[in-house]
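2 protein chains.
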Amino acid sequence: MDMKTVSTIDALRVDGDRLWRSLMDLGAIGATQKGGVCRLALTDLDKQGRDLVSAWAIQQGMTVTVDQIGNIFMRRAGRNNDLPPVMTGSHIDTQPTGGKFDGNYGVLSGLEVIRTLNQHNIQTEAPIEVAVWTNEEGSRFVPVMMGSGVFCGAFTLEHAYAAKDTEGKTVKDELARIGYIGDQISGDHPIGAYYEAHIEQGPVLENADTVIGVVPAVLGLAWYDCVVTGFESHAGPTPMAIRRDALQVATYIMQEVVAIALRYPPYGRGTVGSVQVMPNSRNVIPGQVTFSIDLRNVSDATLDSMNAELDAYIDKLRADTGLGITLQRVSYFPPCAFHPDCVSQVRNAANMLGYATMDVVSGAGHDAIYTARVAPSGMIFVPCKDGVSHNEIEDAKPEHLEAGANVLLHAMLASAVVVS
Amino acid sequence: MDMKTVSTIDALRVDGDRLWRSLMDLGAIGATQKGGVCRLALTDLDKQGRDLVSAWAIQQGMTVTVDQIGNIFMRRAGRNNDLPPVMTGSHIDTQPTGGKFDGNYGVLSGLEVIRTLNQHNIQTEAPIEVAVWTNEEGSRFVPVMMGSGVFCGAFTLEHAYAAKDTEGKTVKDELARIGYIGDQISGDHPIGAYYEAHIEQGPVLENADTVIGVVPAVLGLAWYDCVVTGFESHAGPTPMAIRRDALQVATYIMQEVVAIALRYPPYGRGTVGSVQVMPNSRNVIPGQVTFSIDLRNVSDATLDSMNAELDAYIDKLRADTGLGITLQRVSYFPPCAFHPDCVSQVRNAANMLGYATMDVVSGAGHDAIYTARVAPSGMIFVPCKDGVSHNEIEDAKPEHLEAGANVLLHAMLASAVVVS
Numbered sequence: 383m384d385m386k387t388v389s390t391i392d393a394l395r396v397d398g399d400r401l402w403r404s405l406m407d408l409g410a411i412g413a414t415q416k417g418g419v420c421r422l423a424l425t426d427l428d429k430q431g432r433d434l435v436s437a438w439a440i441q442q443g444m445t446v447t448v449d450q451i452g453n454i455f456m457r458r459a460g461r462n463n464d465l466p467p468v469m470t471g472s473h474i475d476t477q478p479t480g481g482k483f484d485g486n487y488g489v490l491s492g493l494e495v496i497r498t499l500n501q502h503n504i505q506t507e508a509p510i511e512v513a514v515w516t517n518e519e520g521s522r523f524v525p526v527m528m529g530s531g532v533f534c535g536a537f538t539l540e541h542a543y544a545a546k547d548t549e550g551k552t553v554k555d556e557l558a559r560i561g562y563i564g565d566q567i568s569g570d571h572p573i574g575a576y577y578e579a580h581i582e583q584g585p586v587l588e589n590a591d592t593v594i595g596v597v598p599a600v601l602g603l604a605w606y607d608c609v610v611t612g613f614e615s616h617a618g619p620t621p622m623a624i625r626r627d628a629l630q631v632a633t634y635i636m637q638e639v640v641a642i643a644l645r646y647p648p649y650g651r652g653t654v655g656s657v658q659v660m661p662n663s664r665n666v667i668p669g670q671v672t673f674s675i676d677l678r679n680v681s682d683a684t685l686d687s688m689n690a691e692l693d694a695y696i697d698k699l700r701a702d703t704g705l706g707i708t709l710q711r712v713s714y715f716p717p718c719a720f721h722p723d724c725v726s727q728v729r730n731a732a733n734m735l736g737y738a739t740m741d742v743v744s745g746a747g748h749d750a751i752y753t754a755r756v757a758p759s760g761m762i763f764v765p766c767k768d769g770v771s772h773n774e775i776e777d778a779k780p781e782h783l784e785a786g787a788n789v790l791l792h793a794m795l796a797s798a799v800v801v802s
Numbered sequence: 383m384d385m386k387t388v389s390t391i392d393a394l395r396v397d398g399d400r401l402w403r404s405l406m407d408l409g410a411i412g413a414t415q416k417g418g419v420c421r422l423a424l425t426d427l428d429k430q431g432r433d434l435v436s437a438w439a440i441q442q443g444m445t446v447t448v449d450q451i452g453n454i455f456m457r458r459a460g461r462n463n464d465l466p467p468v469m470t471g472s473h474i475d476t477q478p479t480g481g482k483f484d485g486n487y488g489v490l491s492g493l494e495v496i497r498t499l500n501q502h503n504i505q506t507e508a509p510i511e512v513a514v515w516t517n518e519e520g521s522r523f524v525p526v527m528m529g530s531g532v533f534c535g536a537f538t539l540e541h542a543y544a545a546k547d548t549e550g551k552t553v554k555d556e557l558a559r560i561g562y563i564g565d566q567i568s569g570d571h572p573i574g575a576y577y578e579a580h581i582e583q584g585p586v587l588e589n590a591d592t593v594i595g596v597v598p599a600v601l602g603l604a605w606y607d608c609v610v611t612g613f614e615s616h617a618g619p620t621p622m623a624i625r626r627d628a629l630q631v632a633t634y635i636m637q638e639v640v641a642i643a644l645r646y647p648p649y650g651r652g653t654v655g656s657v658q659v660m661p662n663s664r665n666v667i668p669g670q671v672t673f674s675i676d677l678r679n680v681s682d683a684t685l686d687s688m689n690a691e692l693d694a695y696i697d698k699l700r701a702d703t704g705l706g707i708t709l710q711r712v713s714y715f716p717p718c719a720f721h722p723d724c725v726s727q728v729r730n731a732a733n734m735l736g737y738a739t740m741d742v743v744s745g746a747g748h749d750a751i752y753t754a755r756v757a758p759s760g761m762i763f764v765p766c767k768d769g770v771s772h773n774e775i776e777d778a779k780p781e782h783l784e785a786g787a788n789v790l791l792h793a794m795l796a797s798a799v800v801v802s
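So the protein lines, in turn, are chains U and W. Going from the first sequence to my numbering is simple: count from 1 and add 382. Going from the second sequence to my numbering is simple: count from 1 and add 382.
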């Protein structure tokens, strides 16, 4: 092996065509008519996908191990194998009508990093691993981000094992059935640094015509159910002045949700996604309206403030209108700030490579949220078409995927240290 | 027969207990567990109800005839039977979960007028008739107000005959089956004046603690479907500034519907009763929202103005937001002003009787809308509990029903002219 100069290392690039072919090959397993993928966690198709990716890793001389929750770790040795590995990864399970890139890109860009290192005979000080986390999507089994959640201690192995799909089949039985219940103890596996490449699943990069998103944080979220109770009455005989129209009152709250988010730029988000009107009849004034509220921001403090403004608004509206209004918080995921070192490595790598970058917070959850609890972690985003994900029409450009993998390569090399 | 003085006539009163007993007896046919009635048009139960009411009329010495659409006319002769009859009536079919009073009260208060006249040996110049109109509710067969609609030429007999229920049974076959397809030509039957007593089906009288509603008009209504099309995207990754949130835009239209109605007092009504959000998922910004709009007012001119304001608002909102907004008018029922003479007779009768009155427009349709096309018509409203109708819990007070029947009695006597 020749000693590599800095300029030789800086010139290293992944093979974008090879990465694209792997994405298409894996996407063929569970391919749908509309160009997407249906490969639910722990199904026969998931097993086929795991088998294929593991075989690719073995072809690259990697060691493949599996832990108790079915997470796969594909390891390339370093010079000092007592060091914790520099890890990348994501998931290969999909939504029922999912795409070819969500998750799969994170795993296969990791594999492409390995292939590139092997091709160029690069040795690193620390070992490098590519993780395939079990059941990130949560479509078949809840909780979501199950494999990384168990690995990082967010919940117990037993809790995850007991989760059932709609047919009553458990995670434990299904893991055993497809041959992916390993003996490695989940989490007994230190990580030096963790990077995850992912399509953005939002429109920010595409709108800004920017290739690389540096991800400083993942937004926390608070979910609420709001119920407005008025009085159901006929649209004709009931004069405006004496109506108790639950929908009209609800519309003011729906607008306030957006107004609150706009008062917390740049990361505040406020969404009403789901509405049920009772009795939902054309000529009946709604007696009750139930709707969801989704508030997000980058810190607990801002989320608390947004929550307080929502409470205050509803208290005033309740007093002003006399209608019944209840607000119940049904879910809370805390914000997650990524490690400054990992964020810097991503930014530096992109800058060295000459890619335009911008900071983009992640609005959706990823396995990196959980790895951030046990190791310095960071993410790399690339654009996806129209910001659409969790959809069969999810799409991304080969050159963007290649760019993201190059950033992943150089961020990982910076963490793992090239020795020859 | 003795000649009656004005004071003797003015002292005439119906028998409230007798009226209440008839309401309860008729309400027993199709009675529901919750105290309501299910007696759909042209069912066996409808036949039982028709038979009972007809038998009561024959007991009172009335002549009973049936026309081609099954309308029943129960006639008490006058001194001059060449005069067109002074008519009252309503319907005895009900909603699937209907009440004992809607419609039934109009027929049985008419019968109570006849019983009172017979009891006191009152002769009128013009004959008096009580009509039972076929299928007013429209629950089983569309169009609604079918019998009076055919009678008054709103649509053809053939159109009504061909209407089918959900099992494919036609009006014509079902009329024949229950023995109520008459040979009298529908509409070949002049009317001198028409009065209809009805529960208000709204909360105005009850809220004002007033016994008698004088009904100057029935509101016209325009129904619309509005569709707002934005772009469906994830609630987390999509910043506020670049959202195309169909629900947020829809809420502004929903509020404008109410604002428009408030700009057209006292009879303007604006209601959004039905909303469908797509995809209606907690963490997805709505891509499309479809909702109904119901505008009502007392004249074509005001309804046209309300329509124009809605159009203008939507045009501006479309330009301001760039979202797709379509507004389609799906139904229009023109307003109906009742005849000033009939309105005056109702008011005068109530004043003479010492009942508190107020003007209350009808927000719902009634057979009197169609009779108004062929004869001077008017209506009398009495309060119903909480304004609730089309519901098994529909309720009304015996003393209010009695008061309404007394007003009906004296309004009809003023039109029919007492001669002895």
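For the record, the hints were derived by calculation from the structure and aren't laboratory data. Worth double-checking, as some hints may not be accurate.
The list treats identical chains as interchangeable, and a pair is accepted whether it falls inside one copy or across any two copies.
[Claimed, not checked] The calculated lysine to aspartate or glutamate pairs, modelled on EDC-like cross-linking and capped at a C-alpha distance of 20 Å, are:
| no. | residue 1 | residue 2 |
| --- | --- | --- |
| 1 | 779 | 591 |
| 2 | 551 | 768 |
| 3 | 416 | 614 |
| 4 | 767 | 588 |
| 5 | 429 | 702 |
| 6 | 767 | 614 |
| 7 | 698 | 549 |
| 8 | 416 | 540 |
| 9 | 767 | 464 |
| 10 | 429 | 397 |
| 11 | 546 | 591 |
All values reported here derive from a predicted model rather than from experimental measurement.
The hints, checked one at a time:
1. 779 / 591: within (12 Å within a copy, 71 Å between copies)
2. 551 / 768: Answer is neither; intra-copy 36 Å and inter-copy 51 Å both fail.
3. 416 / 614: between (43 Å within a copy, 18 Å between copies)
4. 767 / 588: within (7 Å within a copy, 59 Å between copies)
5. 429 / 702: neither (58 Å within a copy, 51 Å between copies)
6. 767 / 614: Classified as between; 13 Å across copies, 44 Å inside a copy.
7. 698 / 549: neither (46 Å within a copy, 51 Å between copies)
8. 416 / 540: Neither: 37 Å inside a copy, 49 Å across copies.
9. 767 / 464: Intra 42 Å, inter 81 Å, cutoff 20 Å: neither.
10. 429 / 397: For residue 429 and residue 397, neither the intra-copy (27 Å) nor the inter-copy (83 Å) Cα distance is at most 20 Å.
11. 546 / 591: neither (42 Å within a copy, 59 Å between copies)
Taken one by one, the earlier hints fail for this structure at numbers 2, 5, 7, 8, 9, 10 and 11, listed in ascending order.
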